[in-house]
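From first to last, the protein sequence lines are chains A and B. Quick note on numbering: my numbering labels position 11 of the first sequence as 11, and the sequence is numbered without any gaps. To convert, take the position in the second sequence, counting from 1, and add 278; that gives my numbering.
For the record, the hints were derived by calculation from the structure and aren't laboratory data. It is possible that part of the hints are untrue.
Claimed, not checked - Here are the simulated SDA-like pairs of lysine to any residue, each with C-alpha atoms no more than 25 Å apart in a straight line:
id, chain 1, residue 1, chain 2, residue 2
1, A, K167, B, H410
2, A, K167, B, T327
3, B, K427, A, P204
4, B, K427, A, K167
5, B, K419, A, L5
6, A, K203, A, E226
7, A, K167, B, K419
8, A, K211, B, A388
9, A, K198, B, T411
10, A, K167, B, A408
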Amino acid sequence: MPDPLFQTLFDDTEAVPWAPTGTVRDRARTRTRRTRAAALAAATVAVVMVLGGVALAGRGPQKHVQPGISPTAAPSATPSQPAPTTPAAPSTGASSTSASSQPAVEPTAIVDGLFLQLADVGTGYKWAATEDSGGGDWTVEYAFSALQCTGSGMSGLGDHRERTMVKGTGPNASGVTQFVARFRPGTAARYLDELRTKIPACKPSNGMAIKIADQRFAGQDALRVEVTYGEGYTPVALIVVRQGDLVSQISARAADHDQAAALARKAAARMCGGTPVC
Amino acid sequence: MAEEDGFEEFYRGTRQRVMTFLYAMSGDRNEAQDAAQEAYVRAWQRWSTIRGYDDPEAWVRTVGYRLCVSRWRKARNALTAHRRHGTGAEAEPPSENTVALVRALRQLPAADREAIVMHHLLDLTVADVAAHTGVPANTIKTRLVRGRKTLAGLLGTDLTGDYTNA
Numbered sequence: 001m002p003d004p005l006f007q008t009l010f011d012d013t014e015a016v017p018w019a020p021t022g023t024v025r026d027r028a029r030t031r032t033r034r035t036r037a038a039a040l041a042a043a044t045v046a047v048v049m050v051l052g053g054v055a056l057a058g059r060g061p062q063k064h065v066q067p068g069i070s071p072t073a074a075p076s077a078t079p080s081q082p083a084p085t086t087p088a089a090p091s092t093g094a095s096s097t098s099a100s101s102q103p104a105v106e107p108t109a110i111v112d113g114l115f116l117q118l119a120d121v122g123t124g125y126k127w128a129a130t131e132d133s134g135g136g137d138w139t140v141e142y143a144f145s146a147l148q149c150t151g152s153g154m155s156g157l158g159d160h161r162e163r164t165m166v167k168g169t170g171p172n173a174s175g176v177t178q179f180v181a182r183f184r185p186g187t188a189a190r191y192l193d194e195l196r197t198k199i200p201a202c203k204p205s206n207g208m209a210i211k212i213a214d215q216r217f218a219g220q221d222a223l224r225v226e227v228t229y230g231e232g233y234t235p236v237a238l239i240v241v242r243q244g245d246l247v248s249q250i251s252a253r254a255a256d257h258d259q260a261a262a263l264a265r266k267a268a269a270r271m272c273g274g275t276p277v278c
Numbered sequence: 279m280a281e282e283d284g285f286e287e288f289y290r291g292t293r294q295r296v297m298t299f300l301y302a303m304s305g306d307r308n309e310a311q312d313a314a315q316e317a318y319v320r321a322w323q324r325w326s327t328i329r330g331y332d333d334p335e336a337w338v339r340t341v342g343y344r345l346c347v348s349r350w351r352k353a354r355n356a357l358t359a360h361r362r363h364g365t366g367a368e369a370e371p372p373s374e375n376t377v378a379l380v381r382a383l384r385q386l387p388a389a390d391r392e393a394i395v396m397h398h399l400l401d402l403t404v405a406d407v408a409a410h411t412g413v414p415a416n417t418i419k420t421r422l423v424r425g426r427k428t429l430a431g432l433l434g435t436d437l438t439g440d441y442t443n444a
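Bound-form chain B, shown alone:
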């Protein structure tokens, strides 16, 4: 079917990035996976439109994040998670480093966390982060510097990066 063009490739090629972003933002791997999965269902529903976007992954990421923090979705998931995932293979528990990083990220204000995760995890430039969030680049730089400083204090390590010319 013509409308399916590219969806499978898109789904396979972007899902881990989307889920990892949601995991970093939400701090809950199961929630992140479920939200990502649901976001791809929604993407497929209107794939004929979304595939024409410059960055369909950004659409899925945004939808996934909104779903991730939606209490309603969580309530619904409580009823449907078992049916959805059945008794399929469970992923290994997260590593200590991941747990520490996720915990530290959750202590950042949401706006700082978003900037840090987009820039340092998704490897987006400051300009791209600004474009995706609709916030001026200088504000993104401020959030990055502030978030990086907070993370360094919490984790005892520093993130690489110089945002002055980013």
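With the rest of the complex left out, here is chain A:
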């Protein structure tokens, strides 16, 4: 039985209308179909990128396709514990079994090659399960919301995905989660400028805090944002890095200046595969 003080809350939620179970199932099925369609589209683009890179190899470096970046299939490990923020990372499953003479195209999808790779973050990491989408519930925008501050709204946000690499299990597990988004032309730079305005304006209470700890250390622009979610919480470092119209956010717990800068530079280099600015 809940404490009597809380009984009133239960009373007030008793008559709330709920969607029928069939509607819940229908929404879930629709979502699953869309996810699969998006994964298929991403895989198609990735194959085109890889084949384009192969076809043009030997003609000098490619501007839009970074050599050495191949789509990485994510393992199918399923967490035994609730892991609601495990990212969606559809395996591209790129294959060269069907030769094609298609030229490299301007990539628009957020393919695996635009993300940090396992080799970028150190030994012992593996890709996290692919079955869920974290929906960005750890990013700077999430921090704004959790700290009850006004965020940027990310106007101009286009295609986006996130992936997670994990090391270890249980309480000792560590991970690097990365979000990569393509913004409408010209709006990515504005997004980082908005963060420079919104973050100092965010003044949460109860021991919560957010600040820009460092900036302009990678790519065309970068920020290291430190977020504290309350008294006694260890500050979390969020790295934001921009390359052209691509913006990446990386969550690397307690990353210091050097670690953040190194990770951001690698992320910026990976994003060069999806933007003509490099």
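Based on these hints, arrange chain B on the given structure of chain A.
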């Protein structure tokens, strides 16, 4: 279909608890309901896995809370809320007591609020709260005592409970 086993019962049996938890944590009943509804959609997507967990409700609760505070979800909801809920029957407005309690809860740090709500609303033991949050039991007790004291000051009433042996 075999994978549907138990979902309807689970959905009907847990949704009010989940939503009330989210309401207490977020302070917004509409947001709480929408997040809870979305969390059950996600649960159904992978029900064949989640139903094997010791506590599937905890999974939905965690997902719901993350959704509840996600600004992105809020932005998306602004566009889809009407379509989702249509013109269905609206719930009665919350009572004065609820409004006061929710307002007081929002003044607690998130960690204290979580401990208070899990223990006093969901009726979880200190050990269970510790297990769910991954925080030592003594820290949970500290948060409960601190949160209870703050709530008492804000509401002029006290929560029952002795955490020393919980």
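Tested hints:
{"no.": "1", "hint": "A:K167 with B:H410", "in the structure": "21 Å, holds"}
{"no.": "2", "hint": "A:K167 with B:T327", "in the structure": "22 Å, holds"}
{"no.": "3", "hint": "B:K427 with A:P204", "in the structure": "22 Å, holds"}
{"no.": "4", "hint": "B:K427 with A:K167", "in the structure": "40 Å, violated"}
{"no.": "5", "hint": "B:K419 with A:L5", "in the structure": "19 Å, holds"}
{"no.": "6", "hint": "A:K203 with A:E226", "in the structure": "13 Å, holds"}
{"no.": "7", "hint": "A:K167 with B:K419", "in the structure": "31 Å, violated"}
{"no.": "8", "hint": "A:K211 with B:A388", "in the structure": "19 Å, holds"}
{"no.": "9", "hint": "A:K198 with B:T411", "in the structure": "30 Å, violated"}
{"no.": "10", "hint": "A:K167 with B:A408", "in the structure": "23 Å, holds"}
Checked against the numbered hints given earlier, this structure breaks hints 4, 7, 9; the rest are met.
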